[in-house]
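Trainee: Here is what each chain is made of, one letter per residue.
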Amino acid sequence: MHRATDRRPRLRVAATVGAAFALLVAACAPPGAASPSQAPAGSAGTGSASAPAASEQTGSQGGTVKIGFISPTTGFVAALGTDMKRGWELYWEQHGTTVGGVTVETVFEDDAGDPEIALTKARRLVEDENVDLIAGPILANTAYAVAEYAADQGIPTLQITGADDLTQRQFDPHVLRVGYTSSQPLFPGGEWAYEQGYRTAVTLCPDYAFGWESCGGFVTGFTGAGGEVTKQIWHPLGTQDFSTYITEIQAESPDVVFVGSAGGPDAILLYQTFADFGLKDQIPLVGNCCFADQVFLRELGEDAAGIRSFMYWVEGRESETVQAFVSAYEEEHGEIPSLYAAGSYAMADVVARTLEETGGVIEGTDFITAARGLSLEDSVYGAITFDDTNNPVGPVYQTVVAEREDGTYWNVVEETFEDVSQFWTYGKEAFLEQPVFSRDFQSHE
Amino acid sequence: MKRFLRLGWILGAIGVAAAIAAPYVLPPFLVSILTLIFIAAILAASVNLLAGQTGLVSIGHAGIAAAASYGVAWASVHGLGVGPQLAIAAALVAAVSLVYGLTTMRTNGIVFLMITLALGMVTYGLALKLSTVTGGQNGLTNIARPEPVAAYWQFYFLTAAVLVTVLVAMQVIRQSPLGLTFRGVRDSESRMSSLGYSVATAKLVAILFSGLFAGVAGVLAVWNSEFISPAAATFARSAMLVVMVIVGGVGTALGPLVGASIVVGIEHWVSSYVDRWPTLLGFLFIAVVLFAPAGVVGAMQQLGQRWPSGGSRRRRPAVGVPNRDAG
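Chains as they are written, first to last, in my numbering: chain A, 1 to 445; chain B, 1 to 327.
To be clear, the hints were calculated from the coordinates, so they are not data collected in a lab. Note that CB positions come from ideal geometry on N, CA and C, so glycine has one too. Watch out, some of these pointers could steer you wrong.
[To be verified] Straight-line distance between alpha carbons at most 30 Å, and here's what the computed DSS-like set of lysine-lysine pairs gives:
no.: 1; chain 1: A; residue 1: Lys-280; chain 2: A; residue 2: Lys-231
no.: 2; chain 1: A; residue 1: Lys-428; chain 2: A; residue 2: Lys-231
no.: 3; chain 1: A; residue 1: Lys-231; chain 2: B; residue 2: Lys-129
no.: 4; chain 1: B; residue 1: Lys-129; chain 2: A; residue 2: Lys-428
[Claimed, not checked] Selected chain A positions facing chain B (Cβ under 8 Å, derived; list incomplete):
no.: 5; residue: Asp-114
no.: 6; residue: Ala-145
no.: 7; residue: Phe-210
no.: 8; residue: Ser-375
no.: 9; residue: Glu-377
no.: 10; residue: Gln-434
Go ahead and model the full structure; you've got the sequences and the hints to work with.
Mentor: Structural data, given as structure tokens:
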């Protein structure tokens, strides 16, 4: 061991030289890698001006367009990712993969709900698979990471994630959302609550971006109409015991309580505590898109009957498209499709219709511009168009949990609010002057 | 031992040559995977410095790296150049490592583990809640890599060079009196303090060094992905670093690189072809713990030591044997 230390200076020198050499090499361009590195990958802007080299090469050559579909099929949100994949596959099974004279081929990738992995997968899809379009992923951070990378490469992306800013302050012409922002369905929700005669409200939302945006939508609608929000309660994601929060609501005894939930165990535990405290018949509760969803209803069944929510995907809506989708999905997977399955189905719908418009060509922002021009009369969300920052303008439904003929529970529509915009009634400019919703910013003036 | 060292030299030279040749022969996507592996290896090496040398296993190291990443990201989003980016990252890393160090320097074993776990969660919580600065759950986008390393292959070379530098620096520390002090602390705290060493100071210094390397990895990570979100500071990330170190071989020089190659390779590359890749990773981890408790590199070193001298120089005789019976 002691003799070995004598060699160390040499090792050190050699290694330092090696490192210096590596740095030198880094300074000169490797000729072999010259062609793919021509595009400035790290440009500071959103890359709207960068040449869409990859999509030009592939285009619709050979009558095939390739779509990369990224969703989390492992990890802590694997259930959502699996639903997404099923919705996407079902659409192409029903409608066939030939559209606009080309065949649609999908490459599925799993991001495990992790932005780093999502980014690697996006790189693989673009560089190895030469996809023309990317659909997904679902979580806000994975969606932002992928959308930005893809835009830099000139590849369009379709998203269903709720993260407001994707089509607002961080708008990019390569990105189209085929879902609603988190706050969008709740502006009319707040106004509706006031019209029901409720004057004071308490909100309960998870303490992160999705919760801030959901509550922000409701608070803006409610206070805009003249109501007063007496308390806003924030709970950490993954709360096990909601009793302290429910006690706070009880103490406040508002006219109405709004719950903006991301779904899953949180929603179930929250509602069970709410019912256990006997508040079910005392204080009216209004939920968001993801509170009384199918995961929730499968667990609670009859106990959930009568819960009112504001949603854009309603599995029990009387519409041919929706019911055809629901029964086909049920036949295949034995359960009523979730928002995530429906969202993917809607994305596939948009892809198919846009391909018909463009004659099977997917080329950077042109594809997204064509998609934005669509007017869908009978999407799974209802009649939607898109605004000029690529977000749907469409119906929001006030729903109630009811029993279906076969004894299962689902949401049905009570009232429809047509043509709701992500900017509510403020208009784009005025809306975007205000900051994005946060714990400290909850109400537009 | 001598022959083994020579073999190490040859392998090292082949490794460096392969690393330099990689961008010329591999497609860009695989080069980007290699970049990820190198960054993960630097971070795992920083965990290894603590775990292997000082005997302190941290499961909060992703938090330190994330602090550096957020520093760079915030500065970059606000239009600052490379200098200020690094300065802010360095200040954040120094502050965070100091907090890690001061709160844990009088602990060891499971207590150290739990405190670093808690600190990692605090870092994650801050990243999530200080949304006006960190972008909350959504993270920060529009981060620009410095101009001279903007292309993927340039960045690859930078990462490779930094990795080599870090591994050499680790080796220098290992051979230095400081490294001996660290190992003394690992093997017997009471003996070290009766010899007149301040155990707590030694641990603090080790944590600060480790934090520095973690910070370097954090800077490279955010330049690589040009995106940062609280996911970078999650418990899962920190735990995965420990998995890398254990799979590669605790306390070995090249263990972190081997471990990072395996874990990142499975997470980012194999996962495109194997649906149940987390299961694969789990089985692999179990197999390593059962059959090669010294890790892949450790097991190879044991083999290398046994081979030339007919098994007479086995320094750790019974390590793998009883476990093999249990399996």
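Trainee: State for each hint whether it applies.
Mentor: Quick rundown of the hints versus the structure:
{"no.": "1", "hint": "Lys-280/A with Lys-231/A", "verdict": "holds, 19 Å"}
{"no.": "2", "hint": "Lys-428/A with Lys-231/A", "verdict": "holds, 29 Å"}
{"no.": "3", "hint": "Lys-231/A with Lys-129/B", "verdict": "holds, 19 Å"}
{"no.": "4", "hint": "Lys-129/B with Lys-428/A", "verdict": "holds, 27 Å"}
{"no.": "5", "hint": "Asp-114", "verdict": "holds, 6 Å"}
{"no.": "6", "hint": "Ala-145", "verdict": "holds, 4 Å"}
{"no.": "7", "hint": "Phe-210", "verdict": "holds, 7 Å"}
{"no.": "8", "hint": "Ser-375", "verdict": "violated, 30 Å"}
{"no.": "9", "hint": "Glu-377", "verdict": "violated, 33 Å"}
{"no.": "10", "hint": "Gln-434", "verdict": "violated, 14 Å"}
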